[in-house]
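Keeping their order, the protein sequence lines are chains Z and D. For the first sequence, counting from 1, position 43 maps to 43 in this note's numbering; every step adds exactly one. Heads up: take any position in the second sequence, counting from 1, add 315, and you land on this note's numbering.
These aren't lab readings, by the way, just hints derived from the structure by calculation. From the three backbone atoms N, C-alpha and C, an ideal C-beta is built for every residue, glycine too. Be careful, since some hints might not be right.
What the hints assert, rightly or not - Partial list, derived from the structure: chain Z residues whose beta carbon lies under 10 Å from chain D: (1) Thr115; (2) His184; (3) Ala243; (4) Pro247.
To be verified - Listed next, with one range per pair, are the computed distances between beta-carbon atoms: (5) Z/Glu315 / D/Gly514: 32 to 42 Å; (6) D/Ala499 / Z/Ser305: 48 to 58 Å; (7) D/Gln430 / Z/Arg93: 23 to 33 Å; (8) Z/Pro280 / D/Asp455: 40 to 50 Å; (9) D/Ser412 / Z/Asp249: 51 to 61 Å; (10) D/Ala499 / Z/Asn190: 21 to 31 Å; (11) Z/Ser305 / D/Ala426: 48 to 58 Å; (12) D/Pro436 / Z/Ala173: 32 to 42 Å; (13) Z/Arg259 / D/Gly514: 52 to 62 Å; (14) Z/Arg93 / D/Asp455: 32 to 42 Å.
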Amino acid sequence: MNRREFLMSSACACLATATANINPLLSQAASAAVPALPGRRCGTPPPTPAAKIQANRVITALRTHRMNFRGTTTVPIRFHIIQDGAAGKLTDRQLKSQVAMLNTIYKPSGVQFKTIDVAEVQNPAWFRHEYGTDQETEMKTALGKDTEGCLNIYTCEPGGGLLGYATFPWWLAETPQLDGVVLHHASLPNSPTPWEQQPWPFDLGMTAVHEIGHWCGLYHTFQGGCEAPGDDITDTPFEEGPAAGCPIDQPSTCPGETRFIPVENYMDYSDDACMKHFTPQQVQRVKDMVGYYRFKLSPQTSRSSLLEQIRQSIE
Amino acid sequence: MRYRLLLFALCAASLGGTPALAFKSIEGCDIVAFASASSPVPIAPERWQAYREAIEALLGDSSHDARALALALAQAEQNLLAPDKGSPAYQGYLADSCQLIVKLNGDAVEAKLDQIEASLPASSMAALRQVIDAARRQMDNLDRSARFRSNQDRTLALAAYNCFVAGLIAGLLPPEIQASLTLADFGDTVSCKDAGRTG
Numbered sequence: 001m002n003r004r005e006f007l008m009s010s011a012c013a014c015l016a017t018a019t020a021n022i023n024p025l026l027s028q029a030a031s032a033a034v035p036a037l038p039g040r041r042c043g044t045p046p047p048t049p050a051a052k053i054q055a056n057r058v059i060t061a062l063r064t065h066r067m068n069f070r071g072t073t074t075v076p077i078r079f080h081i082i083q084d085g086a087a088g089k090l091t092d093r094q095l096k097s098q099v100a101m102l103n104t105i106y107k108p109s110g111v112q113f114k115t116i117d118v119a120e121v122q123n124p125a126w127f128r129h130e131y132g133t134d135q136e137t138e139m140k141t142a143l144g145k146d147t148e149g150c151l152n153i154y155t156c157e158p159g160g161g162l163l164g165y166a167t168f169p170w171w172l173a174e175t176p177q178l179d180g181v182v183l184h185h186a187s188l189p190n191s192p193t194p195w196e197q198q199p200w201p202f203d204l205g206m207t208a209v210h211e212i213g214h215w216c217g218l219y220h221t222f223q224g225g226c227e228a229p230g231d232d233i234t235d236t237p238f239e240e241g242p243a244a245g246c247p248i249d250q251p252s253t254c255p256g257e258t259r260f261i262p263v264e265n266y267m268d269y270s271d272d273a274c275m276k277h278f279t280p281q282q283v284q285r286v287k288d289m290v291g292y293y294r295f296k297l298s299p300q301t302s303r304s305s306l307l308e309q310i311r312q313s314i315e
Numbered sequence: 316m317r318y319r320l321l322l323f324a325l326c327a328a329s330l331g332g333t334p335a336l337a338f339k340s341i342e343g344c345d346i347v348a349f350a351s352a353s354s355p356v357p358i359a360p361e362r363w364q365a366y367r368e369a370i371e372a373l374l375g376d377s378s379h380d381a382r383a384l385a386l387a388l389a390q391a392e393q394n395l396l397a398p399d400k401g402s403p404a405y406q407g408y409l410a411d412s413c414q415l416i417v418k419l420n421g422d423a424v425e426a427k428l429d430q431i432e433a434s435l436p437a438s439s440m441a442a443l444r445q446v447i448d449a450a451r452r453q454m455d456n457l458d459r460s461a462r463f464r465s466n467q468d469r470t471l472a473l474a475a476y477n478c479f480v481a482g483l484i485a486g487l488l489p490p491e492i493q494a495s496l497t498l499a500d501f502g503d504t505v506s507c508k509d510a511g512r513t514g
């Protein structure tokens, strides 16, 4: 199913039942987009989708069982401030502004954050580590604590042009020691000194918002490009690739997509000053993914038997 | 014993010069370009043979996990090109005609693995598939979960994984197939200039 066909089928489904829940459609589209694995030899399957489809099944099951996560989930944060001498040092004011910003932006999704620990660590190798290397594993294994019960944030200066990276909630069960968010130290707001690389339009704290979006189960708005099911969210437009700068009111380059490029969405790559919102479906997905996969943080213990029932039906 | 010595030499080399990163080697794309009959940087047949033997030795050594194996393989790719790195021909290639793979074509990769399969022991072939699979998964995980400073940074980061895979496969293909190989045979390409590759 190509993107145009997907849009057509979505539109038909909406016309047929104005209130229809289209998650099953998304699941179906996701299944269609993935080549059948049976019969294919081991080796080089398309590097993705099992987890993606699993997440869609979770959402479908939650809706089928009318499971809605209510109330506020408070996420304790442990900050690990990795430094090389004075490089990477952060002020209390920066950390407090970052958490305050997260609390404002994530309030509609019922997720709130509270700092419970800040530890400064001198380690030049971890400070400039590259994604996926032994240094990342060593750093997280040595410093990360209680990954099921809190959010570990590592600030440093990751290599390879990265502002930050995160783990998805569905990875938690398999690799709990790697769970958490890594942020470039110069991405936090209210820095007392300008970052050495100018221009630097990434110092308003939106990298943490973006990466915690991943940690809560959101994909980039440009995930999958113009191909269905994109980012698994129907109220974000299909987007061919990441946006840069802040090109507001630019039509999507995807054929048949009539909406503008979502440059103001936190899950795009635009400049920090450009980012302004999550869509309602992204907010709902955060509630679902945190409630289901990061259930130890959730206050809804009273409905845990239903959650267990849903879990068994899926897994 | 010979393979053990070779493996030791590769590991020792990896402790020297530029450290290789597991699953990543931007130079892998240069290997594909230099394998063709119209290569801008001619590489002697015996060096190709040594490269192939080095890869085969590593793939045949079952004592490594996928990450350690990938690290040694990436180092082997860099070792092949090391003698030419500073040459005018190599620098000219980087400045003018250099290309990178931005998106691997899964079917094309699979077809090339089929061409390699007959010449490798089953266990080595399994190790090769495991490394390629792990490289592609790590690249995909990075692409899904990271924020880059620019699209150029993103392109360059993802190309390092794709090029690692392509350089590995190119070294194991029969010479007659190598000679007609292009980067476009592996997927979508972009010029090094557009990707911001500087060295």
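Now for the hints, and whether the structure bears them out:
no.	hint	verdict
1	Thr115	22 Å, violated
2	His184	8 Å, holds
3	Ala243	9 Å, holds
4	Pro247	12 Å, violated
5	Z/Glu315 / D/Gly514: 32 to 42 Å	47 Å, violated
6	D/Ala499 / Z/Ser305: 48 to 58 Å	56 Å, holds
7	D/Gln430 / Z/Arg93: 23 to 33 Å	60 Å, violated
8	Z/Pro280 / D/Asp455: 40 to 50 Å	28 Å, violated
9	D/Ser412 / Z/Asp249: 51 to 61 Å	38 Å, violated
10	D/Ala499 / Z/Asn190: 21 to 31 Å	48 Å, violated
11	Z/Ser305 / D/Ala426: 48 to 58 Å	51 Å, holds
12	D/Pro436 / Z/Ala173: 32 to 42 Å	35 Å, holds
13	Z/Arg259 / D/Gly514: 52 to 62 Å	40 Å, violated
14	Z/Arg93 / D/Asp455: 32 to 42 Å	37 Å, holds
Consistency note: the structure conflicts with the earlier hints numbered 1, 4, 5, 7, 8, 9, 10, 13.
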